[in-house]
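Asker: Please construct the entire structure, taking both the sequences and the accompanying hints into account.
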Amino acid sequence: MRKPEQELAEIKSMMERSTRFLSLSGLAGVLAGIFAMLAAAFAYYWIYFPGVPYGLHSAAIEDLNALYNLLILAFLTLIMSVGTTLILSQRKSKRKAQTLWTPASRRFVEALFLPVLVGGIFCLAIMIKGHVLYIAPVTLIFYGLGLINAAHFTLGDIKYLGFCQLGLGIIAAFFPEFGLLIWTLGFGVMHIVYGTLMHLKYDR
Amino acid sequence: MKGTYDKAFENVVRLRVMSILMVNEQFDFNSFKELLEVTDGNLASHLRNLENAGYLLVSKSFVGRKPMTNYSATIEGKKAFEAHLAFLEILINENKT
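If you're matching them up, the sequences are chains A and B in order.
Once you know that position 122 of the first sequence is 122 in UniProt numbering, the rest is easy, because the numbers rise by one and skip nothing.
Once you know that position 61 of the second sequence is 61 in UniProt numbering, the rest is easy, because the numbers rise by one and skip nothing.
Derived by calculation from the structure, the hints in this document are not laboratory data.
Don't take every hint at face value.
What the hints assert, rightly or not - Straight-line Cα separation of at most 25 Å, DMTMM-like style, residue types lysine to aspartate or glutamate; simulated pairs:
| hint | chain 1 | residue 1 | chain 2 | residue 2 |
| --- | --- | --- | --- | --- |
| 1 | A | K159 | B | D40 |
| 2 | A | K94 | B | E37 |
| 3 | B | K60 | A | E110 |
| 4 | B | K66 | A | E110 |
| 5 | A | K3 | B | D28 |
| 6 | B | K96 | A | E10 |
| 7 | A | K92 | A | D203 |
| 8 | A | K12 | B | E94 |
| 9 | B | K96 | A | D203 |
| 10 | B | K96 | B | D40 |
| 11 | A | K12 | B | D40 |
| 12 | B | K78 | B | E25 |
| 13 | A | K129 | A | D203 |
| 14 | B | K79 | A | E110 |
| 15 | B | K33 | A | E110 |
| 16 | B | K7 | A | E10 |
Claimed, not checked - Quick list of the computed label-pair ranges, beta carbon to beta carbon:
| hint | chain 1 | residue 1 | chain 2 | residue 2 | range |
| --- | --- | --- | --- | --- | --- |
| 17 | B | S72 | A | E110 | 42 to 50 Å |
| 18 | B | F62 | A | R91 | 29 to 37 Å |
| 19 | A | L78 | B | T74 | 21 to 29 Å |
For glycine and all other residues, C-beta sits at the position ideal for the given N, C-alpha and C.
Answerer: So this is what it looks like as structure tokens:
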């Protein structure tokens, strides 16, 4: 018979590995943050330049071209972030001799992307109705909810990132004129901080 | 004594299978295989063993054209696993004192 402590450790590890998607790469978080900041810089250039990056008095926001550009930019940023996350997580799971696509990672993706998808559609509606300033709070809030929802299926620390995004989203909802700045703080700075912490804690 | 040492969980593959099914509603054959890193035959025989003990429920279905075998723990299986856990706990506590 094995030692009981060893046996319990075995049980615990199996429970974790079968329910949690542990290959989520920290580095991918950093890259996603950098992409978000680049996107925010573009958005600033289209909407506010050469003025300050906040405030309500921007004529460009009614400009349809700028809106289309923003939409394409948003899609590109999303695809690049998800893509690098996939590639880096694939690498991490290979290094740990695990597979990327497991019931656990499937549940993680479902838990994260249902709120994100709904948020995305909601944003589209907001955009069509002309409340462009509310895109920042809405994306932050839905993404935060998605992260908290998905925290059960990956490294639990991600829920703190979720709470940060949620909090920033609520602040941005009350001060939508600072939306772009708060969005950059959430999707850019927070991702980089979180990604770095996770990389140092788990990936080395 | 509350806990019992369950012979069914003596084997590490069966212990792992049961651990997984305690926290997953169901789990399919291929996912077991990947996570446990065992051969088809080995895994199948352990799963059959647990099934015969009445600890597992097997359900076969098709995803597209691929057959999919899903396993879930029975109430009896969960009780047996909990008793096994309780036994381990008692052992650990005894060793401490």
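Asker: Is K60 of chain B within 25 Å of E110 of chain A, Cα to Cα?
Answerer: 24 Å, holds
Asker: Is K12 of chain A close enough to D40 of chain B, meaning Cα to Cα at most 25 Å?
Answerer: OK: K12 of chain A and D40 of chain B at ~24 Å, within 25 Å.
Asker: Measure nothing beyond the straight line between the CA atoms of K92 of chain A and D203 of chain A; if it is 25 Å or shorter, mark the hint as holding.
Answerer: Distance ~8 Å between K92 of chain A and D203 of chain A Cα, so the pair holds.
Asker: Would the hint linking K96 of chain B and D40 of chain B be met if the CA-CA limit is 25 Å?
Answerer: Roughly 40 Å separates the two Cα atoms, so the pair is violated.
Asker: Would you check the hint for K129 of chain A and D203 of chain A, treating anything up to 25 Å between C-alpha atoms as holding?
Answerer: Violated. K129 of chain A to D203 of chain A sits at ~44 Å, over the 25 Å cutoff.
Asker: Taken at face value, is the distance from the CA of D203 of chain A to the CA of K96 of chain B at most 25 Å?
Answerer: 34 Å, violated
Asker: F62 of chain B and R91 of chain A, beta-carbon distance inside 29 to 37 Å?
Answerer: 33 Å, holds
Asker: Is the hinted pair K94 of chain A and E37 of chain B satisfied, with a Cα-Cα distance of at most 25 Å?
Answerer: Given pair K94 of chain A, E37 of chain B holds - Cα atoms ~14 Å apart, limit 25 Å.
Asker: With the threshold set at 25 Å, check whether the alpha-carbon distance from K7 of chain B to E10 of chain A stays at or below it.
Answerer: 17 Å, holds
Asker: Could you say whether the range 21 to 29 Å given as a hint is met by the Cβ separation of L78 of chain A and T74 of chain B?
Answerer: 43 Å, violated
Asker: Tell me if the straight-line CA distance from K96 of chain B to E10 of chain A falls inside 25 Å.
Answerer: 20 Å, holds
Asker: Does K78 of chain B pair with E25 of chain B here, judged by a C-alpha cut-off of 25 Å?
Answerer: Status holds; Cα separation ~12 Å.
This entry does not satisfy hints 1, 5, 9, 10, 13, 14, 17, 19, going by the numbered hints stated previously.
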